[in-house]
Amino acid sequence: MDTTRHVRQSRVTTLDPDRVTRYLARIGAGPVTAPTLDALARLAHAHVTTIPFENLDIHLENPISLVPEEVVDKLTLDNRGGFCYELNGAFAALLVSLGYEVDLLEARVFNDSRLGPRFDHVTICVYLDEAEWLVDVGFGTLIPAPIRIDELGSAGPFYLAPTESDWIDLVNNGNPQYRFDRTPHPLVHFAPTCIFHQTSVDSLFTKKTICTLPNERGKVTISGRDLIVTVDGVKDRREISDDDELRALYQSEFGMTV
Numbered sequence: 033m034d035t036t037r038h039v040r041q042s043r044v045t046t047l048d049p050d051r052v053t054r055y056l057a058r059i060g061a062g063p064v065t066a067p068t069l070d071a072l073a074r075l076a077h078a079h080v081t082t083i084p085f086e087n088l089d090i091h092l093e094n095p096i097s098l099v100p101e102e103v104v105d106k107l108t109l110d111n112r113g114g115f116c117y118e119l120n121g122a123f124a125a126l127l128v129s130l131g132y133e134v135d136l137l138e139a140r141v142f143n144d145s146r147l148g149p150r151f152d153h154v155t156i157c158v159y160l161d162e163a164e165w166l167v168d169v170g171f172g173t174l175i176p177a178p179i180r181i182d183e184l185g186s187a188g189p190f191y192l193a194p195t196e197s198d199w200i201d202l203v204n205n206g207n208p209q210y211r212f213d214r215t216p217h218p219l220v221h222f223a224p225t226c227i228f229h230q231t232s233v234d235s236l237f238t239k240k241t242i243c244t245l246p247n248e249r250g251k252v253t254i255s256g257r258d259l260i261v262t263v264d265g266v267k268d269r270r271e272i273s274d275d276d277e278l279r280a281l282y283q284s285e286f287g288m289t290v
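For what it's worth, our numbering labels the leading residue of the sequence shown as 33, then goes sequentially.
To be clear, the hints were calculated from the coordinates, so they are not data collected in a lab. Some clues are possibly wrong.
[Unchecked claim] The list that follows gives simulated cross-link-like pairs (lysine to any residue, SDA-like), each with its CA atoms no further than 25 Å apart:
| id | residue 1 | residue 2 |
| --- | --- | --- |
| 1 | LYS251 | HIS217 |
| 2 | LYS267 | THR231 |
| 3 | LYS106 | GLN230 |
| 4 | LYS240 | LEU147 |
| 5 | LYS240 | THR215 |
| 6 | LYS239 | GLY250 |
| 7 | LYS106 | ASP276 |
| 8 | LYS267 | HIS77 |
| 9 | LYS267 | PHE142 |
| 10 | LYS239 | LYS251 |
| 11 | LYS240 | ILE96 |
| 12 | LYS240 | ASN111 |
| 13 | LYS251 | ASN204 |
| 14 | LYS251 | PHE237 |
| 15 | LYS240 | ASP275 |
| 16 | LYS106 | ASN247 |
| 17 | LYS240 | ILE227 |
| 18 | LYS106 | SER232 |
| 19 | LYS251 | ARG58 |
| 20 | LYS239 | SER97 |
| 21 | LYS251 | ARG279 |
| 22 | LYS106 | SER255 |
| 23 | LYS251 | THR262 |
| 24 | LYS240 | GLN209 |
| 25 | LYS267 | ARG249 |
| 26 | LYS240 | ASP258 |
[What the hints assert, rightly or not] Derived CB-CB ranges, DEER-like:
| id | residue 1 | residue 2 | range |
| --- | --- | --- | --- |
| 27 | ARG249 | ILE227 | 32 to 38 Å |
| 28 | GLU183 | ASP258 | 25 to 31 Å |
| 29 | THR173 | ALA57 | 22 to 28 Å |
Here the structure is a predicted model, which means the values were calculated and not measured. Even glycine gets a Cβ: it sits at the ideal position worked out from N, Cα and C.
Let's have the full structure, built from the sequences with the hints guiding it.
Structure (structure tokens):
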């Protein structure tokens, strides 16, 4: 591991104590007394199973903020979720505030076999216990635990696989999810692609609304006008009858008022 990383200034901002307290309460996590691997896994699991991955602001024509403090206020005061730039950007700031050494990494998401554009996704690298760990709370999927980046192989449903370049693939049950590079970036480097995903007809995020919350046995998702409940790999899909039912489901399933 490149030990020079441990003397550099973090590219991730810190949060004030009030926002840290609100954030931990929002995800139902107790205080973190030391930046350990166990605490990191607990925080990431709590985050993914509590805060939904959603893109409603894009369809409400509300600009997406890349300022972590503003995103934390959205998550904690408005009881909302967000998509990758918001969720991983805010969570990285929380981790730095709790004493972790963190960088943001660039990733490109697979759509079938095609890769998305540069800076298509932001993920998190945590430097801990003389290793680098991949952590992601902004992909809409329950990744069970931090994944050690220098351990490539097919152990577990989620694993890392090498590519012909220096990039690495995150794989889930044999299916590549995204390809990431280990070069650190500040969140501002993701701004152009974040704008693309808010405005371009070529972005999946402008085509329909999505709101999903994973759990231990599957996930609950509202995709456009469909409610999809996945349990043990079995999907139950039904059409949502009207706007009143849609708003009621956002409240009952995700605790969101929109």
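Hey, LYS251 versus PHE237, does the alpha-carbon distance stay inside 25 Å?
-> The hint holds at about 19 Å.
Given the proposed pairing of LYS106 with SER232, does the C-alpha separation stay at or below 25 Å?
-> holds (24 Å)
Keeping to a limit of 25 Å between CA atoms, is the pair of LYS251 and THR262 held or broken?
-> Distance of about 5 Å is within 25 Å: holds.
Satisfaction of the hinted span 22 to 28 Å by the C-beta atoms belonging to THR173 and ALA57 | holds (24 Å)
Given the hint that LYS267 pairs with HIS77, test it: the Cα-Cα distance must not exceed 25 Å.
-> This hinted pair holds, its Cα atoms lying about 22 Å apart.
Keeping to a limit of 25 Å between CA atoms, is the pair of LYS240 and ILE227 held or broken?
-> holds (16 Å)
Are LYS106 and GLN230 close enough, with their CA atoms no more than 25 Å apart?
-> Satisfied, since the Cα-Cα distance of roughly 17 Å is no more than 25 Å.
Does the alpha-carbon distance linking LYS267 and ARG249 stay inside the 25 Å limit?
-> holds (11 Å)
Mind checking the alpha carbons of LYS240 and ILE96 for me, to see if they're no more than 25 Å apart?
-> Distance of about 16 Å is within 25 Å: holds.
When you check the alpha-carbon spacing of LYS240 and ASP275, does it fall within 25 Å?
-> Within the cut-off at roughly 15 Å; holds.
LYS240 and ASN111: Cα distance at most 25 Å?
-> holds (21 Å)
Quick one, are LYS240 and ASP258 close enough, alpha carbons at most 25 Å?
-> holds (11 Å)
Hint violations for this structure: numbers 1, 2, 5, 28, all remaining hints satisfied.
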